[in-house]
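Asker: As a plain string of letters, each chain reads:
Number of protein chains: 2
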Amino acid sequence: MNLYDATVPVFTKLLSNVEKWLDKAAAFADAKKFDVEVLAVARLAPNQYTFLRQIQAACDQAKYTVAKLTGKDAPSHPDTEKTLAELRQRIQTAVAYLNSVPRDDFNGAEERKVSHAWMGSKWVSGGDYLVHFALPNFHFHLTTAYAILRHNGIDVGKMDYIVELPLQG
Amino acid sequence: MNLYDATVPVFTKLLSNVEKWLDKAAAFADAKKFDVEVLAVARLAPNQYTFLRQIQAACDQAKYTVAKLTGKDAPSHPDTEKTLAELRQRIQTAVAYLNSVPRDDFNGAEERKVSHAWMGSKWVSGGDYLVHFALPNFHFHLTTAYAILRHNGIDVGKMDYIVELPLQG
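Just so you know, the sequences run in chain order F and H.
With the working numbering applied, the first sequence corresponds to residues 2 to 170, in that order.
With the working numbering applied, the second sequence corresponds to residues 2 to 170, in that order.
Just so you know, the hints here were simulated from the structure itself, not pulled from any lab data.
Hints may be right or wrong, so weigh each one.
Chain copies aren't distinguished; within one or between two, either way the pair holds.
Claimed, not checked - Listed next, the in silico SDA-like pairs over lysine to any residue satisfying Cα-Cα at most 20 Å (straight line): (1) K14 with V42; (2) K83 with T94; (3) K123 with V37; (4) K21 with E82; (5) K33 with Y50; (6) K159 with Q49; (7) K14 with L99; (8) K33 with A68.
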């Protein structure tokens, strides 16, 4: 399977859909008369990343996955966002980067040696990187962000996470 | 990439590791003097699956992924577990099933037509099933289970989710 299909369209769909979670959060805050920005720093535990930081991490994992699998240096996207409006922009920036990488650049990605600084002198194959780290880490942060909203009463359900499938027939 | 490598070893590693979360939960409950079984029915929202049900769902998604990608009927694993000890057994049952399926049975899985009853008369390709539904849904339930423990004070961190990578070099 070409790893483009396992990454760019999936990350694009799931990250873009976070804006719909933010729409639901804004509507809920409006109905309940609280400042929606309190959700930006909400967490499930005091030593856990905030909602905003979870989404930044998901954006970064999507970016690094595409960069590493295609042998590029990832662009720098500093974690400067403070508001949910800024977070929407960060998502759009990440998605624009993902979609700037041509499909052909993923040829041979499964066998490419992938390393991060935290791996020291070690590496993993592109295929192993994708399924053992990149996708688990992406979903870990995205689901945690979802769970923070869920815990705070936002009316999101699992299909707001999965979004529509490329059904055929 | 052979979809065996994207499924059986990853699901096996991540599901088996849940037993280490349960060990940490048991130690925490012992130290704080509460019945660890209260965690089995813990949730982050009143209309959310419990911890136990999240793990059952992750086990089922792993099972269905392997069955659907290899064109088999999945075995029935009824959701009868009530205790964390029973949940450990459920995990072991799921993992044993995953590892009963030969690698060669995944040949051509990417192009296989996959359907669930909830898709009606529609289907998705095996590759799309994996990356658009099976892996997101698996990680959604597993991360939510993790988040329930995290929220309840269990000392788990992200590497308890990701577990070790198949590093080389």
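Asker: Would you mind marking each hint as holding or not holding in the structure?
Answerer: Structure-based check of all given hints:
no.: 1; hint: K14 with V42; result: neither (24 Å within a copy, 32 Å between copies)
no.: 2; hint: K83 with T94; result: within (16 Å within a copy, 45 Å between copies)
no.: 3; hint: K123 with V37; result: neither (43 Å within a copy, 39 Å between copies)
no.: 4; hint: K21 with E82; result: within (18 Å within a copy, 35 Å between copies)
no.: 5; hint: K33 with Y50; result: neither (25 Å within a copy, 25 Å between copies)
no.: 6; hint: K159 with Q49; result: between (22 Å within a copy, 10 Å between copies)
no.: 7; hint: K14 with L99; result: within (11 Å within a copy, 29 Å between copies)
no.: 8; hint: K33 with A68; result: neither (42 Å within a copy, 45 Å between copies)
Comparing the model with each earlier hint shows violations of hints 1, 3, 5, 8; every other hint is respected.
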